[in-house]
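S.K.: Every position in the sequence shown, counted from 1, becomes a number in my numbering once 46 is added.
Certain hints may be false.
[What the hints assert, rightly or not] Under the rule of at most 25 Å between Cα atoms (straight-line distance), these lysine to any residue pairs were calculated in the SDA-like manner:
#	residue 1	residue 2
1	125	283
2	64	79
3	283	79
4	270	218
5	125	341
6	270	181
7	64	324
8	270	323
9	192	261
10	270	334
11	270	192
12	125	91
13	125	106
14	125	233
15	125	236
16	270	202
17	125	202
18	270	319
19	270	177
20	270	341
21	192	311
22	192	353
23	192	272
24	125	201
25	125	222
26	192	142
[Claimed, not checked] Restraint ranges, calculated between C-beta atoms of paired labels, are given here:
#	residue 1	residue 2	range
27	170	100	23 to 29 Å
28	333	81	32 to 38 Å
29	71	338	37 to 43 Å
30	288	197	37 to 43 Å
31	314	90	37 to 43 Å
32	313	90	39 to 45 Å
For the record, the hints were derived by calculation from the structure and aren't laboratory data. The structure displayed is predicted, hence computed values, not measured ones. Think of the CB as a built atom: it goes at the ideal place given N, C-alpha and C, for glycine as much as any other residue.
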Amino acid sequence: MELNFLRWLQEQMPNSAKIPLGIGDDAALLAQQTGQQTVVTTDMLMDGTDFVLSECGAFAAGRKAMAVNLSDLAAMGAKPVAAFISLAIPRGSGNDETLNLAQQLMQGLLPLAAEFECAIAGGDTNSWHGRLVICVTAIGEVVDGKAWRRSGAQPGDAILVTGSFGGSILGRHLSFSPRLRESHLLQSHHAQVHAAIDVSDGLSLDLSRICAASSCGAIIEVAKIPLSPAAHELAEKGNSQQTALDHALADGEDFELILAVPPGEAARLLREQPLAVPLTQIGWFTAEQGLQQQLASGELLTLQPRGYEH
Numbered sequence: 047m048e049l050n051f052l053r054w055l056q057e058q059m060p061n062s063a064k065i066p067l068g069i070g071d072d073a074a075l076l077a078q079q080t081g082q083q084t085v086v087t088t089d090m091l092m093d094g095t096d097f098v099l100s101e102c103g104a105f106a107a108g109r110k111a112m113a114v115n116l117s118d119l120a121a122m123g124a125k126p127v128a129a130f131i132s133l134a135i136p137r138g139s140g141n142d143e144t145l146n147l148a149q150q151l152m153q154g155l156l157p158l159a160a161e162f163e164c165a166i167a168g169g170d171t172n173s174w175h176g177r178l179v180i181c182v183t184a185i186g187e188v189v190d191g192k193a194w195r196r197s198g199a200q201p202g203d204a205i206l207v208t209g210s211f212g213g214s215i216l217g218r219h220l221s222f223s224p225r226l227r228e229s230h231l232l233q234s235h236h237a238q239v240h241a242a243i244d245v246s247d248g249l250s251l252d253l254s255r256i257c258a259a260s261s262c263g264a265i266i267e268v269a270k271i272p273l274s275p276a277a278h279e280l281a282e283k284g285n286s287q288q289t290a291l292d293h294a295l296a297d298g299e300d301f302e303l304i305l306a307v308p309p310g311e312a313a314r315l316l317r318e319q320p321l322a323v324p325l326t327q328i329g330w331f332t333a334e335q336g337l338q339q340q341l342a343s344g345e346l347l348t349l350q351p352r353g354y355e356h
């Protein structure tokens with residue numbers, strides 16, 4: 047199966063100046079640019095945990111595996127260069143079935159990689175008696191000293207977010223677009239971004255991670271959090287007592303960006319709205335550690351970070 051899969055995969059791969067030597071050798075060679083730092087991220091996705099193969103299909107699972115890695119590059123302000131794809135495929139009734147699954151996964155993954163100019167440089171495949179596992183390692187690049195980190199937020203910085211939040215389980219967790227274009231536009235506008243993170247595990251939980259890394263706290267104006275239509279839909283038809291705001295704060299897999307931006311710069315970005323999706327200020331960072339929520343009345347209450355913990 048593996049040889050047939052490699053032959054098929056090589057036929058799908060366009061040549062890339064970023065990859066002088068790619069699929070088919072013992073290792074890949076990546077071209078390097080002067081003045082750039084290399085950014086590396088990896089995510090492992092498992093059937094039954096990150097997707098349900100029998101419900102979403104292999105195409106959607108493959109696309110998500112690529113998208114979550116590209117989202118990490120966006121959160122670092124990096125441009126994609128290459129990715130390595132490793133598959134642990136359930137043994138089926140024969141090689142043809144296993145090959146077909148591997149091809150469907152790549153058919154879901156490849157268009158997204160091409161859209162963001164991320165070359166597939168290699169990987170590995172194996173089969174076993176467990177569920178499908180997809181591991182993607184993505185390589186990016188960013189100008190020396192310009193990578194966004196979690197650790198740079200300062201008291202007084204505005205908390206800006208892209209897009210809207212909540213209800214991703216209704217489908218967005220499979221179909222979202224990583225915010226690479228938005229990240230690159232902010233870089234090209236020379237936006238001052240002190241810290242950033244993508245929302246994979248929940249708005250409140252991922253915001254708390256910036257706070258922890260930056261040794262600061264945050265106040266969220268909960269009335270200003272942009273709620274997605276899916277958050278409202280889930281709140282209306284769900285069996286729990288969770289509100290749309292609860293879903294926005296804790297559901298996760300929105301894959302939007304949280305940005306720590308100086309107040310003056312935040313005012314400029316909010317005024318200009320340079321992105322294709324809305325930028326919204328939902329609060330500010332504080333010297334006092336911990337998360338607080340500010341109600342419409344102005345009352346401050348402690349906010350316990352909630353979300354998906356691995």
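S.K.: Next, verify each hint and record whether it holds.
M.R.: Status of each hint after checking the structure:
no. : hint                  : in the structure
1   : 125 - 283             : violated (39 Å)
2   : 64 - 79               : holds (10 Å)
3   : 283 - 79              : violated (52 Å)
4   : 270 - 218             : holds (21 Å)
5   : 125 - 341             : violated (38 Å)
6   : 270 - 181             : violated (36 Å)
7   : 64 - 324              : violated (32 Å)
8   : 270 - 323             : holds (16 Å)
9   : 192 - 261             : holds (21 Å)
10  : 270 - 334             : holds (21 Å)
11  : 270 - 192             : violated (29 Å)
12  : 125 - 91              : holds (22 Å)
13  : 125 - 106             : holds (23 Å)
14  : 125 - 233             : holds (10 Å)
15  : 125 - 236             : holds (15 Å)
16  : 270 - 202             : holds (17 Å)
17  : 125 - 202             : violated (29 Å)
18  : 270 - 319             : holds (16 Å)
19  : 270 - 177             : violated (41 Å)
20  : 270 - 341             : holds (10 Å)
21  : 192 - 311             : holds (17 Å)
22  : 192 - 353             : violated (29 Å)
23  : 192 - 272             : violated (28 Å)
24  : 125 - 201             : violated (29 Å)
25  : 125 - 222             : holds (18 Å)
26  : 192 - 142             : violated (47 Å)
27  : 170 - 100: 23 to 29 Å : holds (25 Å)
28  : 333 - 81: 32 to 38 Å  : holds (35 Å)
29  : 71 - 338: 37 to 43 Å  : violated (54 Å)
30  : 288 - 197: 37 to 43 Å : violated (32 Å)
31  : 314 - 90: 37 to 43 Å  : holds (39 Å)
32  : 313 - 90: 39 to 45 Å  : holds (40 Å)
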